[in-house]
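Visitor: Can you make the complete structure from the sequences, with help from the hints?
Protein sequences, first through last, are from chains A and B.
Heads up: the first sequence at position 202 corresponds to 202 in the working numbering, and the numbers run straight through without jumps.
Heads up: the second sequence at position 27 corresponds to 1027 in the working numbering, and the numbers run straight through without jumps.
Worth double-checking, as some hints may not be accurate.
Facing chain A, a subset of chain B residues (Cβ under 10 Å, in silico) [as the list claims (entries may be wrong)]:
no., residue
1, His-1002
2, Ile-1006
3, Ile-1013
4, Ala-1017
5, Ala-1018
6, Arg-1024
7, Leu-1028
8, Val-1030
9, Leu-1033
10, Leu-1082
11, Ala-1085
12, Glu-1100
13, Lys-1104
14, Ser-1105
15, Met-1109
16, Ala-1111
Straight-line distance between alpha carbons at most 27 Å, and here's what the computed DSSO-like set of lysine-lysine pairs gives [said to hold, decoys possible]:
no., chain 1, residue 1, chain 2, residue 2
17, A, Lys-203, B, Lys-1104
18, A, Lys-203, A, Lys-79
19, A, Lys-66, B, Lys-1104
20, B, Lys-1058, B, Lys-1104
21, A, Lys-66, A, Lys-79
22, A, Lys-157, A, Lys-66
Listing some non-contacts, in silico: residues in chain B with all C-beta distances to chain A over 12 Å [stated by the list, open to error]:
no., residue
23, Gly-1005
24, Pro-1022
25, Asp-1039
26, Asp-1065
27, Arg-1069
28, Ala-1078
Quick caveat, the hints were computed from the structure, so don't treat them as lab data.
C-beta: ideal position from N, C-alpha, C; glycine also.
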Amino acid sequence: MCATCGCGEATGTTVLNLQTGEEAAMHPHDHDHPHEHVHADGTRHSHAHDDGHGEVVALETRILAKNDALAAANRAWFKGREILALNLVSSPGAGKTSLLERTIRDLQHEVRLFVIEGDQATDNDGQRIRAAGADAVQVNTGAGCHLEADMVARGLKALKPGPGAVLMIENVGNLVCPALFDLGERAKVVILSVTEGDDKPLKYPHMFKAAEVMIVNKTDLMAHVDFDMAVAVANARNVNPDIEILQLSARTGEGLDDWYRWLRREAASVRAEAFA
Amino acid sequence: MHELGITRNIVAIVSEAAAGRPVRRVTLEVGRLSGVMTDAIAFCFDTVAQGTAIEGAKLDIVEIDGAARCESCGAEVATPTLFAACPCGSRRLVRLRGEELNIKSMELMEAA
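Guide: Set out below in structure tokens:
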């Protein structure tokens, strides 16, 4: 069973290189079975609890220490190559892939964009990214509900983004679990579409607190839904006073300039910090 | 849903530290603002621990209330939610406690 979400190994994580068609299965949690030899004789312990007390060993370990260490390695890898890495998170259907397609097309002469696509299944999104003109790796998490740092490391090996590139990591559509797992990104970008409601930041505060930027997408549909932009902004700032907020429509292009301006600024900061 | 994965991490870390010695008790510190449900961890623990050195161990979870320091007035305030404000009205809070996700200790079956 997969350590992340209880998926069976048959439905475990796979990394598909969309440039070469090469697919690799990964079992990211080999480390979880280090003590199977203890029960090699087939006996089972019942560990009856007597009244005695045993030695207490202080561990003081962060539970997510392993993921955090791998994320730190990714972050150092990005820094050394002046790569701007962003972790895009949202509910399913908020428009992450549409925004990426549009961004790839609009900035094709300006920046090398690479995409790690996370989905439970199918390479549909990876193919859309390829069609838009960027190299992509599709990570299928099986039953897994989020990407982890080792999956990104594996994706990078297949994708090989060059120096100065922009790497977009499109996380599994989910506003809960990805908030906890650092991938080594410079920033989390949370995308909220106006069809979802203006109270999303309050319903999923962890994600909106973890994000540096909130993109409100599908602003072209504002007239058709009960979405109050002022309320959405206030809710997001209640959870995260420093969050930057961009309003755009990936479909019509309205507001995209602000997003591109933000990307250019971050990319410039990455270059400036590389040797700082 | 991520609690099962987190529980697997707990079992892996403790099993490694125990190095085959049977474990009586595992103590966690989980902040109330950590985004993790302690009930779900407790629910997963016995199943995940099966067949490892910590099978049968008791799980103690110490829950830690959220607290922050207000950057505006300097007071230490309780923060029962992620969007709690300081009584002075400011939301510029530096989290002091409440987001812990730590394995504090393990108790072995044998005495030292």
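Visitor: Which numbered conditions among the earlier hints are violated in the structure presented, ordered from lowest to highest?
Guide: 17, 18, 23 and 24
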